[in-house]
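Asks: In order, the protein sequence lines correspond to chains H and U. Counting in our numbering, the first sequence runs from 1 upward without gaps. Counting in our numbering, the second sequence runs from 1 upward without gaps.
Please note that a few of the clues may not be correct.
What the hints assert, rightly or not - Below 25 Å or equal to it, Euclidean Cα-Cα: the simulated SDA-like pairs (lysine to any residue) are: (1) U:K61 <-> U:T89; (2) H:K272 <-> U:L3; (3) U:K24 <-> U:F180; (4) H:K272 <-> U:D186; (5) U:K272 <-> H:S80; (6) H:K272 <-> U:G79; (7) H:K91 <-> U:Q259; (8) H:K272 <-> U:T89; (9) H:K303 <-> H:A102.
Stated by the list, open to error - What follows is a set of in silico ranges between Cβ atoms, one per label pair, in the way DEER data are often shown: (10) U:E38 <-> H:Q267: 54 to 60 Å; (11) U:D276 <-> H:T143: 47 to 53 Å; (12) U:K246 <-> H:P173: 33 to 39 Å; (13) U:G202 <-> H:T87: 44 to 50 Å; (14) U:K91 <-> H:H93: 55 to 61 Å; (15) H:E216 <-> U:S80: 32 to 38 Å; (16) H:E260 <-> U:A263: 41 to 47 Å; (17) H:E48 <-> U:L133: 33 to 39 Å; (18) H:E9 <-> U:D276: 57 to 63 Å; (19) H:Y83 <-> U:G264: 29 to 35 Å; (20) U:T87 <-> H:E216: 46 to 52 Å.
Said to hold, decoys possible - Output of the computed footprint for chain H on chain U, the stretches with three or more beta carbons under 8 Å from beta carbons of chain H: (21) 154-163; (22) 168-175; (23) 189-203; (24) 263-270.
Derived from the structure by calculation, the hints contain no laboratory data. Keep in mind it's a predicted model, so treat the numbers as computed, not measured. Virtual Cβ for every residue (Gly too), placed ideally from N, Cα, C.
Number of protein chains: 2
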Amino acid sequence: MPLECIGEELRLKLLGAIEAGGTKFVCGIGYEDGTILERASFPTTTPEETMALVFEYFRDKAVEAVGIGSFGPIDPVPGSPTYGYITTTPKPHWGGYNLVGAVRAELNVPVGFDTDVNGAALGESLWGAAQGLESCLYITVGTGIGAGAVVHGELIHGLSHPEMGHIYVRRHPDDRYEGFCPYHGDCLEGVAAGPAIGARWGKPAAELEAGHPAWEMEAHYLAHALMNYVLVLSPQRIVMGGGVMKQSHLFPLIRTQLQELLAGYVQHASLKDGIDRYVVPPGLGDNAGLAGALALARMAAEKN
Amino acid sequence: MPLECIGEELRLKLLGAIEAGGTKFVCGIGYEDGTILERASFPTTTPEETMALVFEYFRDKAVEAVGIGSFGPIDPVPGSPTYGYITTTPKPHWGGYNLVGAVRAELNVPVGFDTDVNGAALGESLWGAAQGLESCLYITVGTGIGAGAVVHGELIHGLSHPEMGHIYVRRHPDDRYEGFCPYHGDCLEGVAAGPAIGARWGKPAAELEAGHPAWEMEAHYLAHALMNYVLVLSPQRIVMGGGVMKQSHLFPLIRTQLQELLAGYVQHASLKDGIDRYVVPPGLGDNAGLAGALALARMAAEKN
């Protein structure tokens, strides 16, 4: 039986998902159990052009709610005057754009809205590598670094949303690269995102062999970040995705360095023998982003 | 009318509070609205001796629930086999002590249990400097450094409890002191808790005048820590207590350095003109610890 029909039979809610990225918007529909039925992708140009394609995609889909996992910074705090806006992005045309307002006005359904990484954290906790846990952290290491977290089943907000990719970590003693973050120079993103690896070693991360010293240095930075996240949030699992983490040989390097840094201070089996199941790749693979948006749609549908 | 009678008239629940510290146990009773009626203090020697005094104190108090804000590390995760235990403390006699089990067996009331700093964070959010907010962070800077946080009205747990005092922050360029943390050497606690200030400058922090370079260095470390907490947790307010923070001239130094470090990346009024109301001393003053334990008692009474 096709997936559509199984969902129909179980009377699952049909939901829409928008993974709003800086280069493309991936749209899809799926069921509230995390099943993704179909997807389509549109280039991120101007809000007028891109959103016209998004609306056209959803026009005949009859979804009950839509979730948006968005590039940022955004305002995800309900009740704030700019709730639902993309706020201060350097991306031309999108700063100050009321993304939630536009989707709500056009599709007239509940809209869930959060950062792409908060969405992915929620998706992984519902259907992926952190299924069944009360808390988890999802971090993506690609052209940038971002992370989201679930605590007691809820996504973290406060003043606004986390920006965990911009923490300062201790510099690797052999690293002379100054970092590329326009705000902080050598914050985590500035020294450990894909462009930093490329600039430091003179060729793209994907072309550096597994034994290259680049990876020990990359593991140094990511393990320092994970140490901070463990000490601040105490997540029950850490899911690492994004282009750089496709280098699966990074995982054992990061796990070992994380254990060395914590030095046995936090006593938990997950940080000792269980470390291979503690720092893991996404259970949803390349679907983490779109499934995350679907998870945000589910949350919006439930709240409605 | 005496406080006791007002509480009686309003039919407020009478609750017990235990602030379990490494040198003394402070016990008290109070109402669920945060009013503390009385307190007593007992030295922390062995569990047998100390707890006998604690039980004697509560014997005729008829409290409806007890809250314990404890030194750690502890196991605050309900359902864990060692829930309610003090786990791996270097404090003699107390490692592996089932504190919650002992209190429950003796007093036969619901027991709330968490770290002292998580308790203080909850107390500040209910009755103190973060009243009415959905999230806050409480950090104490004294003989050690610890922090607790409220997110969406709940205390953070996961693997266990946060240990935010042990994050690594960037070293101050002029600092040659190696740090005193037995686990991590120069982690935040190792370089910025009271003993580090004393060891670095050759006299106790309390004896260093306001213009001493010690304070600019201390602000460097604490502002770096706050930057990480802001980027990971996005708390709506940060409350700073503990002996070192009695030096109130530290507050403006920390606020300014925090703004410089964030460099405008997180756009929020609280981090600009509102910074004086964002990084603040405890609203509950020296009662933060005991009121925190009272808040944990209230949570236990509500859950029951």
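Asks: Take the hints in turn and mark each one as holding or not.
Replies: Hints and how they fare:
Taken as a hint, the K61 of chain U and T89 of chain U pair is broken in the structure, with Cα atoms around 30 Å apart against an allowance of 25 Å. At roughly 51 Å between alpha-carbon atoms, K272 of chain H and L3 of chain U are farther apart than 25 Å, so this suggested pair is violated. Of the supplied pair hints, the one linking K24 of chain U and F180 of chain U holds, its CA atoms being roughly 23 Å apart against a limit of 25 Å. Between K272 of chain H and D186 of chain U the CA atoms are separated by roughly 23 Å; this keeps the pair inside 25 Å, and the hint holds.
For the suggested pair K272 of chain U and S80 of chain H, the alpha carbons sit about 17 Å apart, so the restraint of at most 25 Å is met. Straight-line distance between C-alpha atoms of K272 of chain H and G79 of chain U comes to about 20 Å, which keeps the hinted pair within the 25 Å bound. For a cut-off of 25 Å, the pair hint linking K91 of chain H to Q259 of chain U stands: about 24 Å separates their Cα positions. Note on K272 of chain H and T89 of chain U: the hinted pairing holds, with a Cα-Cα distance of about 18 Å set against a maximum of 25 Å.
At most 25 Å may separate the alpha-carbon atoms for a hinted pair to count; K303 of chain H and A102 of chain H meet this at roughly 20 Å. Our hint of 54 to 60 Å for E38 of chain U and Q267 of chain H is violated, since their Cβ atoms are close to 36 Å apart. Between D276 of chain U and T143 of chain H, the C-beta spacing of about 37 Å breaks the proposed range 47 to 53 Å. The beta-carbon spacing between K246 of chain U and P173 of chain H, approximately 37 Å, falls within the hinted interval of 33 to 39 Å.
Taking the beta carbon of each, G202 of chain U and T87 of chain H are about 48 Å apart, inside 44 to 50 Å as hinted. The beta-carbon spacing between K91 of chain U and H93 of chain H, approximately 59 Å, falls within the hinted interval of 55 to 61 Å. At about 35 Å, the CB distance of E216 of chain H to S80 of chain U agrees with the hint of 32 to 38 Å. A hinted range of 41 to 47 Å for the beta carbons of E260 of chain H and A263 of chain U is inconsistent with their spacing of about 31 Å.
Evaluation of the 33 to 39 Å hint for E48 of chain H and L133 of chain U yields a pass: the beta carbon distance comes to about 38 Å. In this structure, E9 of chain H and D276 of chain U meet the distance hint of 57 to 63 Å, their C-beta atoms being roughly 59 Å apart. Against the hinted window of 29 to 35 Å, the Cβ-Cβ separation of Y83 of chain H and G264 of chain U comes to about 21 Å, which falls outside the hint. At about 33 Å, the CB distance of T87 of chain U to E216 of chain H disagrees with the hint of 46 to 52 Å.
For the stretch 154-163 of chain U, the stated coverage by chain H is satisfied: 9 residues place a CB nearer than 8 Å to a CB of that chain, which reaches the threshold of 3. For the stretch 168-175 of chain U, the assignment as covered by chain H holds, since 4 residues bring a beta-carbon within under 8 Å of that chain's beta-carbons and 3 suffice. Check on the stretch 189-203 of chain U: 0 of its residues sit with their Cβ under 8 Å from a Cβ of chain H, so the three-residue criterion for coverage is violated. Counting residues of the stretch 263-270 of chain U whose beta-carbon sits less than 8 Å from any beta-carbon of chain H gives 7, enough to reach three: the coverage restraint holds.
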